[in-house]
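**Student:** Sequence:
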Amino acid sequence: MQSNGQTPIGYVDLESAVVYSGYHPQYLEGLARKGIIGSMGQNGAQYFSMFCLRSYGQVPAGFMSLEDGAEHYHYTPSYFSKLVNKAKIPTIKVLREVHFSVNDFERFLKIPDGYKILDEAAEDSIFKRDTIRKLLNRGKVQGIKKFNAWHVFMDSLRQYEAIYQKRDNGNKANTTSI
10 MQSNGQTPIG YVDLESAVVY SGYHPQYLEG LARKGIIGSM GQNGAQYFSM FCLRSYGQVP
70 AGFMSLEDGA EHYHYTPSYF SKLVNKAKIP TIKVLREVHF SVNDFERFLK IPDGYKILDE
130 AAEDSIFKRD TIRKLLNRGK VQGIKKFNAW HVFMDSLRQY EAIYQKRDNG NKANTTSI
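Quick note on our numbering: the sequence shown kicks off at 10 and runs consecutively.
Derived by calculation from the structure, the hints in this document are not laboratory data.
Predicted, not measured: the structure shown is a model, and the values here were computed from it.
Careful: at least some of the hints might be erroneous.
Under the rule of at most 25 angstroms between Cα atoms (straight-line distance), these lysine-lysine pairs were calculated in the DSS-like manner [unchecked claim]: (1) K119 / K97; (2) K137 / K175; (3) K125 / K137.
When you get a sec, could you build the whole thing from the sequences and use the hints?
**Tutor:** Structure below.
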């Protein structure tokens, strides 16, 4: 790095920036023009911020590339990308590669306590699977839909069952016409 007294403190000239970063000079100049990395002009020369050069291209802690995430969570890359977008998981772009927040994705995957997948809820209920799905779609029973599968809030289902049994004098609900 140049230290001829004219180089601003914390900055390096283009030649030193190329050596330090390994990027092509035109690429660095383009990043500076776009404001992605800090630069300044002085005495007809362009200088690049060492701080920006060090931090550019580094993935923040808690983020993982979509490609690594797909492999880690056992999804195809295209489906995983759609899932992250659909779930509105925070993402950042580092060196043209999209990275997602691992903590937010883990939170998305977690099913809250008190919920059961639709098939398990039907086994523990007086209602059949299709009836419960209709109740969920009509908003009469609380549930969440993740990965194209319903998860039923069991307390809500129990309350609806109690109301239904009072109304029908305890008859078994064998019909899907609720």
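**Student:** In ascending order, which of the hints set out earlier in this document are inconsistent with the structure?
**Tutor:** none
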